[in-house]
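With chain E held as given, fit chain Y onto it using these hints.
Letter by letter, the chains look like this.
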Amino acid sequence: MHNSSIRRIRGLYLHYLYSIKRNPARVIEMFVWPAFEIMLFGFLAASGKNMPTEAAVISVTILTGIVYWNCTARVIQEAVAQFTDDFVSKNIQGILVAPISIGELLIGITAASLTKIAISLTVLGGVLVLIYPSFFSSLGAHALLWVFQLELVGVAFSYVALSVVFLFGERVSFSGWIISTVLQIFSLVFYERSALPGLLHTVSYAVPSSYIFESIRAYQYGSPLVTNSHTIALALSFAYMMIGFGLVTISYNWARKIGTIIKS
Amino acid sequence: MIELININKSFGGKRILSNVSLSVRGGEIVGIAGPVGAGKSTLLHILTGLLEPDSGTITLLGLPLQSSRQIIAKEMNYASSSQRLGGYASVAENLTTYADLYGVPHFRPIITNLWKLCKMPDVLMSKKIYKLSSGENSFVNFTKAILNNPRLLFLDEITAHMDPLLSQRVLTVIKKRNRKTNTTIIISQNTEEVRRTCTRMIILYHGKIVYDGKPIQNNKINTYYA
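Chains E and Y, in that order, give the protein sequences.
Each residue of the first sequence is one higher than the last, beginning at 2 in this note's numbering.
Each residue of the second sequence is one higher than the last, beginning at 5 in this note's numbering.
With the rest of the complex left out, here is chain E (with noise of 0.2 Å):
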């Protein structure tokens, strides 16, 4: 990669990450509500142990599902917040008017989002280890390739989001919630494979989180991890983040026909 495309990549990253710099509003969205979301089903599944063994399986499998669950949608909901107010302020035009390429904003976008994440993340794991102590040893190392992986179905998904933003602007700053709860359905977040019912359960075996999902169940009832379905997750995953990037720039150019940049 060019050193010029590296030092636009850079003041994109930077740019986005600021957005959320000194805004109490982004603050309590990115932290503040997951961090209360976690206190209540930690303190739910640490209480299992007075629960029948039934109840107590349910309370873990909802607090992992809620956990995991938040790397994939936060990322998703995070790059289209960022990327909407850009649509609000109108400081969209000065940043397309710049020399960067769609590569390059994407980059950026998805870099500034999986920063934030992290660190909210880190917050999200440090309440959970005051609740529920025995939450990460009990997943051991693979819970950093499972919080990677559904980050990847995250960026990839939010790529689709980016481009409903391009095509309709501010008023489908929703985008991002919609399309991350219509995933959470075939992602088996709370679920096995086997509860949808007809074309809901085939639609099911193309979205790359629901491999994970299965994959952190499987684990956490005692059976080994199972690699297949990382491999399908991953090549599923990098094939909806180049239709993600193919939508994105079709969406961009028909947005510089129909005018959305300018009338946002």
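All the given hints hold, so there is nothing to weed out.
Taking lysine to any residue and the SDA-like style, the derived pairs with C-alpha atoms no more than 25 Å apart in a straight line are: (1) E:K264 - Y:P39; (2) E:K264 - Y:Y92; (3) E:K264 - Y:N194; (4) E:K22 - Y:L136; (5) E:K91 - Y:V108.
Beyond 10 Å from chain E on every Cβ pair, some chain Y residues (computed): (6) G60; (7) L65; (8) L128.
DEER-style ranges, computed between Cβ atoms: (9) Y:D167 - E:I63: 54 to 62 Å; (10) Y:S25 - E:M243: 36 to 44 Å; (11) E:F137 - Y:L128: 44 to 52 Å.
Since the hints were derived computationally from the structure, they do not count as laboratory data.
Where a beta carbon is used, it is the ideal one built from N, C-alpha and C, also for glycine.
Just chain Y now, kept in the frame of chain E:
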């Protein structure tokens, strides 16, 4: 420097620009005037590449804009008074990120010089964008626009919210920048400002160029709006 041939643009069936052709040489400061809805901003957005025309050819710095946007963009910049940079970051942080985007290694002397000329206080640098007044915000946008010392500078109502003194200083900077290698296009509702600053005036009316020549007085401009 700028060559537009038969540019057309419509939105929702409404024609905004109609067969606009324009040639601008190096060293010119072109003021575009016209009533609201005449197509001034649309023309500027097409020049910056933010908007694609329905038909027509755009050549900037001898290169086709459609296929060479990234190369041209290094030599170009744009500012509008309605734009706000990153709201929760400071002015200095925003300018630093834009210096990165344009690959400007030593941008501090450029800013210091400009701010001295315009008598702007240094304390503004640490102010957050959302705390700036409209006039200060326009000035910061202008600072961003000349950060890379662009050969093509496009300004949309940049002095609209500035006080008369600051506005005058900014226009003086624009005039001083005027060299054979630099071209500036200014959109302004303030025709007196256009008359005093620009070397050439274009009047747009209903998406068509109805006047192209030396800057003219207000009372003469009105005759072109009929």
